[in-house]
Every structure is written in C-alpha cells, then in structure tokens.
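The residues making up each chain are set out below.
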Amino acid sequence: MDFFKRHFLVALAAVLGLVAVAYVGSQTKLQILFGVAVPYLAALIFVEGLVYRLIVWARSPVPFRIPTTAGQNRTLPWIKRSLDDKLDNPDTFKYLLGRMALEVLAFRSLFRNLRTELRKDPDNPEGARLIHWSYKWLWLGAIAFHYAFLVVLLRHLRFFTEPVPMPIQLMEHVDGFFQFFVPAVYLSGVVLVVAAFYLLARRITNPSLRYISLAADYFPLFLILGIGISGILMRYVYKVDIIAVKQLALGLVTLHPVVPPGIAPIFYVHLFLVCVLFAYFPFSKLMHAPGVFLSPSRNMVANNRWVLHVNPWNYPVKFTPYLEYEDKFREAMIEADIPVEKES
Amino acid sequence: MAKVPKPSELLPGISYQPPAKGWMDVKPDFRPGTYCNPAAPKWMEWIGYPYPQARSIPDNNWGLPDNWQEIVLQGMEDRLDRFRSLKVFFDICVRCGACADKCHFFLGTGDPKNMPVLRAELLRSVYRRYFKKIGRVLGEIAGARDLTEDVIKEWFFYLYQCTICRRCSLFCPYGIDMAEMTLLGRELLASIGLNIDWAMASVAQCYDKGSHIGATPQAFKDMIDFLAEENERITGITTTPSYNRKGAEVLFVTPSGDYFADPGSFTLMGYLLLFEYIGLDYTFSTYAAEGGNFGWFISHEMGKRLNSKIYAEAKRLGVKWILGGECGHMWRVCNQYMPTYYGEPVNFLEEPVSPITGTRFENAKVHKMVHISEFTADLIKNDKLNFDPQRNAHIKLTFHDSCNTARGMGIFEEPRYIINNVLPEGNFVEMPPNTIREKTFCCGSSSGINASENMELRMQGGMPRANAVRFVHEKYGVNHLGCICALDRATLPTLLEYWIPEVDVTGITEMVGNALIFPDELERTTDLRDRPLVGFEEAAEEDAEEGE
Chain X
1 MDFFKRHFLV ALAAVLGLVA VAYVGSQTKL QILFGVAVPY LAALIFVEGL
51 VYRLIVWARS PVPFRIPTTA GQNRTLPWIK RSLDDKLDNP DTFKYLLGRM
101 ALEVLAFRSL FRNLRTELRK DPDNPEGARL IHWSYKWLWL GAIAFHYAFL
151 VVLLRHLRFF TEPVPMPIQL MEHVDGFFQF FVPAVYLSGV VLVVAAFYLL
201 ARRITNPSLR YISLAADYFP LFLILGIGIS GILMRYVYKV DIIAVKQLAL
251 GLVTLHPVVP PGIAPIFYVH LFLVCVLFAY FPFSKLMHAP GVFLSPSRNM
301 VANNRWVLHV NPWNYPVKFT PYLEYEDKFR EAMIEADIPV EKES
Chain D
1 MAKVPKPSEL LPGISYQPPA KGWMDVKPDF RPGTYCNPAA PKWMEWIGYP
51 YPQARSIPDN NWGLPDNWQE IVLQGMEDRL DRFRSLKVFF DICVRCGACA
101 DKCHFFLGTG DPKNMPVLRA ELLRSVYRRY FKKIGRVLGE IAGARDLTED
151 VIKEWFFYLY QCTICRRCSL FCPYGIDMAE MTLLGRELLA SIGLNIDWAM
201 ASVAQCYDKG SHIGATPQAF KDMIDFLAEE NERITGITTT PSYNRKGAEV
251 LFVTPSGDYF ADPGSFTLMG YLLLFEYIGL DYTFSTYAAE GGNFGWFISH
301 EMGKRLNSKI YAEAKRLGVK WILGGECGHM WRVCNQYMPT YYGEPVNFLE
351 EPVSPITGTR FENAKVHKMV HISEFTADLI KNDKLNFDPQ RNAHIKLTFH
401 DSCNTARGMG IFEEPRYIIN NVLPEGNFVE MPPNTIREKT FCCGSSSGIN
451 ASENMELRMQ GGMPRANAVR FVHEKYGVNH LGCICALDRA TLPTLLEYWI
501 PEVDVTGITE MVGNALIFPD ELERTTDLRD RPLVGFEEAA EEDAEEGE
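Line order of the protein sequences matches chains X and D. For the first sequence, position 61 (counting from the first letter as 1) is numbered 61 according to this note's numbering, and the numbering increases by one without interruption. For the second sequence, position 442 (counting from the first letter as 1) is numbered 442 according to this note's numbering, and the numbering increases by one without interruption.
These aren't lab readings, by the way, just hints derived from the structure by calculation. Treat the hints loosely; a few may be bogus.
[To be verified] Just a few of them, taken from the derived set where beta-carbon distance is under 8 Å, the chain X residues facing chain D:
no.: 1; residue: Q72
no.: 2; residue: L114
no.: 3; residue: R129
no.: 4; residue: W137
no.: 5; residue: L140
no.: 6; residue: A144
no.: 7; residue: I204
no.: 8; residue: S208
no.: 9; residue: H288
no.: 10; residue: R305
no.: 11; residue: V307
no.: 12; residue: L308
no.: 13; residue: T320
[As the list claims (entries may be wrong)] Here are the simulated distance ranges between beta carbons:
no.: 14; chain 1: X; residue 1: L97; chain 2: D; residue 2: D78; range: 47 to 53 Å
no.: 15; chain 1: X; residue 1: A13; chain 2: D; residue 2: K21; range: 21 to 27 Å
no.: 16; chain 1: X; residue 1: S82; chain 2: D; residue 2: F518; range: 51 to 57 Å
no.: 17; chain 1: X; residue 1: Y315; chain 2: D; residue 2: T148; range: 30 to 36 Å
no.: 18; chain 1: X; residue 1: W78; chain 2: D; residue 2: I517; range: 19 to 25 Å
Computed from a predicted model, the values in this text were never measured in an experiment. Positions of the beta carbon are idealized from the N, C-alpha and C atoms, including for glycine.
Make a model of the complete structure from these sequences and hints.
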C-alpha cells in the first residue's frame, strides 16, 4: 500500500472505529460512560493539554525580532505608508493588533494566496513561461469552514443554558433564516460539511498536496465530517429527543450529570466524536489556532532599529579584535598609508 | 564542472508531478550541478568549527563523527529550548500547501521536497520521532522517521536549496518561516561537520582578514583606489576615499561584492561620486570591510561573530554613525539581528543625522545605522543633488526587490524614489505585481549558495525571477535590472546571461553616479561602464575605430 493510501485509510479506519465504538457502546449499559465520563475526561484533557502546550511554547524565548515585513517600513516622514503598509509592516503596537486581528479573523495571509503555473507558450524561446494569478478558493474554503464551525459551536450553547441567552437565540434565528425544510435548516451546519469536503477533496485531488498529507491531516477532517454528518442526521432524519439531550447537557455543565433514557445512539456517536476532537486538539496540528498568536513572524512590531530587542540567552562570541588584526597586517598597512594604532 | 543544460532543455523539463513513491522512501539525487561541495577542512579550522575533514559527496564519504546522532538530537533539543519559533513552526503546520508554489526552488526544479512545507517536514519528521510521544509510538503513520545518515544527506541537499528568502512565510496563514528552520537546520549540520565550501570559505576569509573575498587591508585599499581613479578618468572628478580614519563622522560599510567585481564595482564608483559631491566626512574600514554576512547563513553565532566587527570598529574610530551600502542579507542582519546581537543600546554612537540636510533618522535611533537608499532619497528630497537623467537614457530599467530587504525590512519606496529621479521619465517599468515588492522572487543563489559547482540548481532557482524579467523585456524593451543588493549583482548577471542575455544588472547608486552633475566635471560621453550615452554613440564608434 502506498504512502497516500496508508495515511488516508488509517485515518478513515480510526474515525469509523470511533463511530462503531460509540454506536455499540451506547446500546449497552455503558451510556453513563459515553454520556458523562467521556465528556468530562475530554474536557479535562482539552484544558490541561492546551495549557500544557502553551506553557511548553512560552517557556522558549523569542531571541530575535523577526517579523515578516510585507509593506513599506517606517523611515523618512515624507515616505508615504498606506494603511496596508502599516498593517503588513506594523511599526506600532496598534498596527500590530490590526495585523493580528486581520490574520486571525480574516486570514489575511491566505487571502494573499497565488497560484503559479508553468504554461506552454510558443512565443517564448523556451516554449513555456510561468504565470501567477490570485487564487482565493483556499481562502474561501478555509474562512467558510472556520466561521461555520464557530457558529455551530456557539449555537450549541442553547443546550447548555436555560433560559437560552438572547444573542444565541438571535444567531439561531439568522442561521435558520432560509426555511426550506422542517425543522429549519441551519446554514452553518451545511456550510461546515461542504467546506470540510472541499478541504478533503483538494488534499486528495491535488497531487502535491496528496504527496505531503499525513494521517494527521485526514483524521481531523474525517472526525469533523463525522461530527457534522451525525449532527445533521440527528436533527433532520432521526429527530433525536431534544428535551432529553438538553437535560443531559445541562446536567454536565451544572455538575449534576444525568443520563435520561431514550436518546438515540446517533447522539452518542456525535457526542463521542466531539469528545475525541477536543481531547485530540492539544496534541495535534489543530493547535494552529492558538499557535498563530505566538508566531514570531507575525506577532512582533517591526521596530528593530529604534527599540532594542533583548535576547535573554545572548552570549559573548569570539571574533578577531582589531589589534590582533593590525598585528598581522601592520607593516603592509603602514606601507599602504593606512592609519594604524601602533607604529611597530 | 557539470554542464548546465540549455534553457530550452531545462524549462520544458520541469514537472510538478510528484514521484509515485512516498517521500520518506525517495533519496536525494546528488547529480553534479545541483549541490554545493562540502567545506574544505582548512576553512573550518580557521574559525574553529567542529569535525574538519576532507569530504566528498560522490564518494559517499561524509565522515560523520561517531556520535553524530546524539549531537544532532541534543542540538535540536537546545534549539527548541532557545527558539520559540522552532517549537511553534514545528507544531502548528497544517500542511495546507499554500507555500508550495511560492518557492522559487520548487517552481524551478519541480522537486516536491522543495515545497517549503515538505522541506520543513524533513526536519519535523525527526522532531516527531524523538520529541513527540505519538511519533515515538506510531512512527511513520504519525509522520515520524528515524534519524539516519540518509536523512542527514537529505537535509544537506535540501537545506542548501533554500535561500532563506521568506516568500513562503509571507503566504503561510501562520507565518511559518522556512528561513528560520533552514538556518537552525544548517546549524545542526554544521555541528557534525557538514558545511558548504563556498559559504565556509567566505566566512573564514571574512573572519581572518576582513571580507568574504579575503582581501588584505592593502588589497582592499587598492581596489577602492582603483575605482576612484576610474571615476576620475571618466568624470574628471577626484574622489578621495579614506581608510580607517579616526574622527570621521560616518563609517561606511558595504559588501565586498561592491568592490570586488563588476557590476558591483560600478555601484561603488557611484557611492564615491555621491559622497564626494555632498562632501561627506566618511571613512572606509579595512577591518570592518564586509557588510555582507555569510556567517549568518551558517549559524546565528557565526552571524554575530562576523557582525560584531562593525560596531567595534565604529567605536574604535570614534565615528558618529554608520552608513550601510546596498545589500540584501546584510540589511536583514543589520535590521533584525545586529542590535540584538550587540545586546545593549549602542551609546558610543549618536542618533544618525544627515550632515547635509540635517534630517534626523529617527527610525535608526537605537541601531545607529542608515541605509544608503534612505540617505540618498533624503538628499534628493531636500534638493541637494543635481541630476541629468538623460545620462541614464540608455537604461530601460525594471527593479528587483531583494528578498531580504523586502520581507526582512520593508524598504520599497526609497529605491523607487531614487530611480524616478535619476532616470528619464518612462524609463522605469515594474515587473508583474505578483513578482515584486513583498512578493518578490529570489535571485536563486543567495544564502551562500552562489558557488559555481551548483550552477544548474542556481539557474533553476532563479527561473521565476528571470521569467518575470523576460516578460518586461519583451513587453517594454527593458534592458537593465536594478537592485539594491550586492549578492544580486554577483548572481543575477549569471542568471540573466543564461535566461535573457539582453538584460544587464545595475545597482541604484551606479545610476546616481551616472546622473550627478558636478560643476567642474569633464564633458560626459559615457556612463561609469564606459558605455556611450544616448547621443554620443557615434563619438564612441569613432573612438573605437581610431583605437583599431
């Protein structure tokens, strides 16, 4: 089996295995395990793992100030810097915040994305030339995916709150605005699944991407697809007992866990996959979410020349001192009329 | 030296289709022309680098020390502890592939391991195997692999096919910077004796004598004096550079490329004319004779060892501030590393003030060093320079932003401002927007790999840049590629000779030198390269005939 198949199938098998475990497990007397123990454990691992990883990162210093500059830097006062320049080469903390906000909220760097291709060109003596064009599909897929995920996540707060806060109700309302099905279809869920399929499809169909993709890239996608699909099935097809689910969810957050009878297995599959996702998060590439805040090429002000950046482990190094150099070349220097410290 | 295939053979041969075998099973193909020779032991001995020994890549004699594995892993652990960047960049990549077709080496070779994401995985896979539980347990399926001699060879091959240009980091949604990983990976290679000869020779020479080319103080002076004489011959203006002169107001530091060979030397002639014109009280130093820093291409420490001489010399000579010449990586180092290397405020120097215009360079108030393009732009803005742009009328220019000044500093407007003042209107055109400014393409030979034995690789790596130059050459008749980088001036002529021989390379200050009108100058019929000015072609032809 080749590299791609191995990584793809292992990830797929792992997620299918998890589905099976939850499906079978929830039909036995282990509902308390899947409904209570696993969620608590997952929450614990998520928080502890996240904190641990952040501490591990933060323990290493940032020895040099190395922002990737993508606009005109601050030099002479009459050299105009556009807002883009200020945001892409931030000289003050204010613009740094702007840069980070754009990066985190609008995926600024991905928005810059280009495609470059070698095209046949008979007019060219070599018969081909490179062309570059703006390519926003990855940005669109990524932004749709992440915002849909966020909305879905926030929308789920209605299971954990009683009464449901106004903003959540409002969001639900907007999300379900297009009432073409009963119950109203949440756009976010559909977008999430479609975007995840896009991200998966490009990984498989683009030869370069397929070449670099690891099981660790497929696994979270399968997991999220599993979560999305089970969620959609639960809401629109199997019509899980919402009252019971809310009872369970409220029990979890109020630390008075209960497992109401009669919740369909598909719910336990959904819940279990969510738990796995949370527990997996701190140990995986999903840490790109907190990681982007700690990326030295993005989160530093480009003010090297007027604010000193101190490297905590800076140490003296050996270099040839001037006098040693002069000792070696003194005679020749004197002969060439180059001033010296000592005449002999 | 291996024969380089012709452009018409090379370009159509590029395929972006990855091989059928998984990347962990594909070994690098050390084909002559695609790799740099390992460093000769004497250079390593000069600077006290470990495990000096004659090595040969074709003979498969890599002479690694017995405990090489332990050294590399310990080195990786140390660097993870010292560089947050490394930890974060190792942990957060999602392999989205946005960086893949941004790398000039990938575009030029089609080798998937030149996609920055996969080049990084070459290091990351070892990190996962030895520093991550999941990698230790699951191995390959977790993207982990053992650190074998083959892996080291692969690192050596691909980490020297990265020119630290940071184009990938610009497009990465998390700012993951291959340059950072390449630098640290090269440090690991150096720790077991693996370095490339071209970079190491330059470093050792610079360390020992004062510049990459190993010029002795008298040779350094000779070269610059010669260029001053050339100036006098062509313009009738006596320029009077001084050397190691205490009490000068400004120490001028520029890369050796500017006094060593054409066309960099013409830029140096431009500096001399400019400084003469404004009566700048400046001195060269034979000791801090190198602005460039090949040390930084080998390790952060070596970068600091070479860089330290600049402040030390400024202090000894008692100058007020430092003026830096046109150079790319020099300015990445001077901008992002130099003050931090020094570690404390540089109190023996003063906040730079232009003695001619009185402008305070507040942006350099801690660092105390001014870029020649900032300095010149300020002179022009304050109307201190008198130009005849017609003297550059034979130059139809496009401007190459050097990677380091673009993505490690952000100096875009000053050189363009100067260009627009020294060229006749309409003689400057930009290359396509996706290939300039922050999105600029590397010359393909930076970061110490501008050797001759890897010429095929250099021509491949420079292909995207050359391709954009060809576009403006054909569309607008561009015949010169301008740059503010001495390494560019050393490498781009070779690249263009290969891909578009009709285009020459020029520094920006060279064109300043061409255009400056001195009150007492000779009548100018040629530029600083002895090429006839527009309107004087016939005179030049007559001269040539008389000569025959």
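Hint by hint, here is what the structure shows:
Because the closest C-beta pair between Q72 of chain X and chain D is about 5 Å apart, less than 8 Å, the hint holds. This hint holds: L114 of chain X has a C-beta 6 Å from the nearest C-beta of chain D, less than the 8 Å allowed. Nearest Cβ of chain D to the Cβ of R129 of chain X: about 6 Å, under the 8 Å cut. The hint holds. A hinted interface residue such as W137 of chain X counts as satisfied when its beta carbon comes closer than 8 Å to some beta carbon of chain D; here the least separation is about 11 Å, so the hint is violated.
Because the beta carbon of L140 of chain X sits about 13 Å from the nearest beta carbon in chain D, more than 8 Å, this interface hint is broken. Interface hint status for A144 of chain X: violated, as the beta-carbon distance to the closest one in chain D is roughly 14 Å, over 8 Å. Restraint check, I204 of chain X versus chain D: the minimum CB separation of about 12 Å is more than 8 Å; hint violated. The interface hint given for S208 of chain X is met, as the beta carbon of that residue sits about 5 Å from the closest beta carbon of chain D, less than 8 Å.
Taken as an interface hint, H288 of chain X checks out: its beta carbon lies about 4 Å from the nearest beta carbon of chain D, inside 8 Å. Taking 8 Å as the C-beta cut-off, the interface hint given for R305 of chain X holds, the closest approach to chain D being about 4 Å. Hint status for V307 of chain X: holds, given a least beta-carbon distance of 6 Å to chain D, under 8 Å. The interface hint given for L308 of chain X holds, since its Cβ lies 5 Å from the closest Cβ of chain D, which is under the 8 Å cut-off.
Given the 8 Å rule on beta carbons, the hint for T320 of chain X holds: about 6 Å separates it from the nearest Cβ of chain D. For L97 of chain X and D78 of chain D, the Cβ-Cβ distance of about 33 Å falls outside the hinted range of 47 to 53 Å, so the restraint is violated. Against the hinted window of 21 to 27 Å, the Cβ-Cβ separation of A13 of chain X and K21 of chain D comes to about 23 Å, which satisfies the hint. Separated by about 37 Å at the C-beta atoms, S82 of chain X and F518 of chain D break the suggested range of 51 to 57 Å.
For the pair Y315 of chain X and T148 of chain D, the beta carbons lie near 32 Å from each other, so the given range of 30 to 36 Å is met. A hinted range of 19 to 25 Å holds for the C-beta pair W78 of chain X and I517 of chain D, which are about 24 Å apart.
Hints 4, 5, 6, 7, 14, 16 from the list above are not met by this structure, while the remaining hints are.
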